Amino acid sequence: MDLLPAETPELAKKHGFRSLKLLNINMDQPLAETPFAVDYGKLDNGLTYYVRSNSKPKMRAALALVVKVGSVLEEEDERGVAHIVEHLAFNATTKYTNHDIVKFLESIGAEFGACQNAMTSADDTVYELFVPVDKPELLSQAISVLAEFSTEIRVSAEDLEKERGAVMEEYRGSRNANGRMQDSHWALMMAGSKSVVELIRMHFEQKSSAHETPDVPRFPVPAHEEPRFSLMISCKMPAQELKTIKDYRDLLVESMFLQALNQRLFKVSRRRDPPFYSCSAAADVLVSPIKAYIMTSSCKENGTIEALEAMLMELARIQLHGFSEREISIVRALLLSEIESAYLERDQIQSTSLRDEYVQHFLCNEPVVGIEFEAQLQKSLLPCKYLFGNEIRIPCIYSSTTLLTSKNHLVAISATEVATYAQKLCTAYNCVIKAIEPQATVTVDDLKDAVAKITCLKEGRSILAWDEDQIPEEIVNIKPNPGSVDQQQEYSDIKVTELILSNGMRVCYKCTDFLDDQVLISGYSYGGLSELSESDYFSCSMGSTIAGEIGIFGHKPSVLMDMLAGKRAEVGTKLGPYMRSFSADCSPTDLETALQLVYQLFTTNVEPGEEEVKKVMEMAEEAVRAQERDPYTAFANRVREISYGNSYFFRPIRISDLKKVDAFKACDYFSNSFKDPSTFTAVIVGNINPSIARPLILQYLGGIPKPHVPILKFNRDDLKGLPFTFPGNIIREVVRRPMVEAQCSVQLCFPVELKNGAMIEEIHFVGFLSKLLETKMMQVLRFKHGQIYSAAVSVFLGGNKPSRTGDVRGDISINFSCDPSMSSTLVDLALDEILCLQNEGPLDEDISAILEIEQRAHENGLQENYYWLDKILRSYQSRVYSGDIGSSFQIHEESRLKVRESLTPSASKSALQRILPFPCRKKYTAVILMPQASRYQLLKSYLRKNYQNTKVLLGIAGLTVLTVTVWRYSRSSINGERK
1 MDLLPAETPE LAKKHGFRSL KLLNINMDQP LAETPFAVDY GKLDNGLTYY VRSNSKPKMR
61 AALALVVKVG SVLEEEDERG VAHIVEHLAF NATTKYTNHD IVKFLESIGA EFGACQNAMT
121 SADDTVYELF VPVDKPELLS QAISVLAEFS TEIRVSAEDL EKERGAVMEE YRGSRNANGR
181 MQDSHWALMM AGSKSVVELI RMHFEQKSSA HETPDVPRFP VPAHEEPRFS LMISCKMPAQ
241 ELKTIKDYRD LLVESMFLQA LNQRLFKVSR RRDPPFYSCS AAADVLVSPI KAYIMTSSCK
301 ENGTIEALEA MLMELARIQL HGFSEREISI VRALLLSEIE SAYLERDQIQ STSLRDEYVQ
361 HFLCNEPVVG IEFEAQLQKS LLPCKYLFGN EIRIPCIYSS TTLLTSKNHL VAISATEVAT
421 YAQKLCTAYN CVIKAIEPQA TVTVDDLKDA VAKITCLKEG RSILAWDEDQ IPEEIVNIKP
481 NPGSVDQQQE YSDIKVTELI LSNGMRVCYK CTDFLDDQVL ISGYSYGGLS ELSESDYFSC
541 SMGSTIAGEI GIFGHKPSVL MDMLAGKRAE VGTKLGPYMR SFSADCSPTD LETALQLVYQ
601 LFTTNVEPGE EEVKKVMEMA EEAVRAQERD PYTAFANRVR EISYGNSYFF RPIRISDLKK
661 VDAFKACDYF SNSFKDPSTF TAVIVGNINP SIARPLILQY LGGIPKPHVP ILKFNRDDLK
721 GLPFTFPGNI IREVVRRPMV EAQCSVQLCF PVELKNGAMI EEIHFVGFLS KLLETKMMQV
781 LRFKHGQIYS AAVSVFLGGN KPSRTGDVRG DISINFSCDP SMSSTLVDLA LDEILCLQNE
841 GPLDEDISAI LEIEQRAHEN GLQENYYWLD KILRSYQSRV YSGDIGSSFQ IHEESRLKVR
901 ESLTPSASKS ALQRILPFPC RKKYTAVILM PQASRYQLLK SYLRKNYQNT KVLLGIAGLT
961 VLTVTVWRYS RSSINGERK
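Heads up, the sequence shown is in this note's numbering, so the first residue is 1 and it goes up one at a time.
To be clear, the hints were calculated from the coordinates, so they are not data collected in a lab. Small disclaimer: the values here were computed from a predicted structure and weren't measured.
Here are the simulated DMTMM-like pairs of lysine to aspartate or glutamate, each with C-alpha atoms no more than 25 angstroms apart in a straight line:
#1 Lys801 - Glu753
#2 Lys479 - Glu570
#3 Lys58 - Asp134
#4 Lys771 - Asp844
#5 Lys68 - Glu357
Start from the sequences, fold in the hints, and give me the full structure.
Set out below in structure tokens:
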């Protein structure tokens, strides 16, 4: 088997999904045990291998070493051993020391974290690599690394101490509100190619198996008769094994039930005065062999019981009346749409996705039957019923049932059968109901009463059937008159076509074959929120939120959801500081639908109703309250306040701001933001056929009416910059917030101002240097000192207006989390490392690694539609763009290559001195999130810090005691007088 298969010729492409034949199904037929389309076998020492050639992306290999050993084998005094051993693998082995594995992999372009990672669960440990294989030796070297992981991990006291901090920080990172909620919930639930094969043989065959493989213990999860109340509803049950076609069908029925239930819950959340703002249900395998159905919702303050009753009410309604045929038809259409997309892109699956399938086959014996068979199977089990408005029609191809029956039993899934799954969400036994509130207002008795109330209504059959909305047949009621092409330009170097339509809209399209079922669209117009006064800003910035809940495409969101059932077309909008934009992702077959939605966006005037505005503002208030309780949101808000001078543009919205929001002004601004097509440029990238796409573009984009007077038409050079100033001095501040478990987050920020000149090269320098800083922070703070789990460097260059001549202003931030007691020390270590880089420059191997990582990311990106969409948009929005997209694109690429060629340690040192404050310690902000200490701890810390003299300490302590005594005496005297 060759590692890299030949490209598939166009003539060899398979027939389409819609011509797939149905299967004559035998429900008892077992699914194939041997995984599909893979070289699969076992070495003499017991190692199982899976090898499959795949060309997505080109010249890359996705590898994994999977070990069926996890934390379940730990004794009580060994907790965490499995996890730290996983970490130690990257630290040192027999062959590699001092994180040399990480350095080697980064030197070939495999970035730490993204392309080299590992995970430990209760039952297994998985090491993953994603490496280039464009040089013969690279694949062999990567496999040798996995071989080292299998038996050669070095464990020493020094290694353990160095990695302990990283493991503890990873643990701390999961100890937020969600992590604690999951722990308590679990506690309630659980109480009581041949050349490649030869390389594998070469590196693994000499490895010997353990003489005695430990038995993996299976701990039974006992059932419980009474529901446990701990707003989350969970019902546990045995997890079903996937062995036969019947098992597959059962899982399909379960998926249909959950999707149909979620559709209902969404519609309930969009009613007038809804009981909850969001609610969803899912199935989750907890531990083998137990799974659970889990329903979660978010609701208004003091609305927990109302939300719980509404959740139980919908379950009871389904148990009594089932789902309508229309509801099930919508779910069928959704599932068939998903499998059709997978089938059309079956030869373009990412290698990492295929790797994950084989990992699950090894760990869980989960069948890998191939997309072709799975598509035929689903098409046979889910005979499509097309929706025409409120009418359901069955195509004649499905009128014969000979292919849909097995042993005289109907194979096709019915609405009645789907509804029976509601019985599994039973509150009488094996159920946990959990309320999560910022302050407890609900008791267990309140939860029990709510359950009893709905149970009584169900037993008395006092719950009415579901009342369905009327659904329009067409997204666009009256088709627009097509526009025309005023100008057309071909840019052969980048293979794009540019059209100027008769209504002034510029449209650029690029045809690709990266994914057969993907078309991306993005449109933008200059002029955004920075143009608004402070008094208008808060209202208009809420425009997307308010208008989105009302309906920006001429239909309510709950109605549009049904109208789009079975169609792969999504459109979103954004109101940014300098631009208004829309984006779309669709299938080539649904391009018309996506363009219809864009047409509706431009021709719909969003008019808010009183009830709709009330609902949206209530949701916004609850969201703001939740953010105010979240320590990380408070930390992020304070960072913005410090970094950007407390500018209203960066200040978080508060409850007091929401009360001043004018919903009519917000909707009017949103509607006007997408009104004038002559101000917009749209870019389309993907699998498009111009002979089909161009008429649709002319009708729905060219057909958007151009207003008589320009609306929100701005020149990019005349836009207003964001109103903020970066601090002129050093600021180090600690933000303290109440926490259940101590956590700490750090942001170290430096101002950046790029002077007009060779600006494109300077921006590329910023990109390379940010990756250099990220790499060095990991080397120092994690690999050398073992104090962090990860570090991230982010770049913001949007401080000034996007003009063609002005300077660029923004900042570079370094973010990491750590032990609270080490935060200040680590800030100083980070500053020392940056100063060292500014004074001495990085090492040659550092530059080589970041250049390799960037090149590999660029090579992968050239095979992705999103990457090309972004590059074309950046070329249009570049300061060098003057009407020729091809020239702008070329200048950007030449600048990138020029910076790559000039990026030496000396050039990097100069760039760090030029771009960051030099020395870096003269101007920066360091904000640290810390747990709030008790008053006693604060007093103790204050006294230690400010009064080192023992006599003074005693005097202060005595004065404190005296003051408290006098205060208590005065209080008792006052109380005595009152009596």
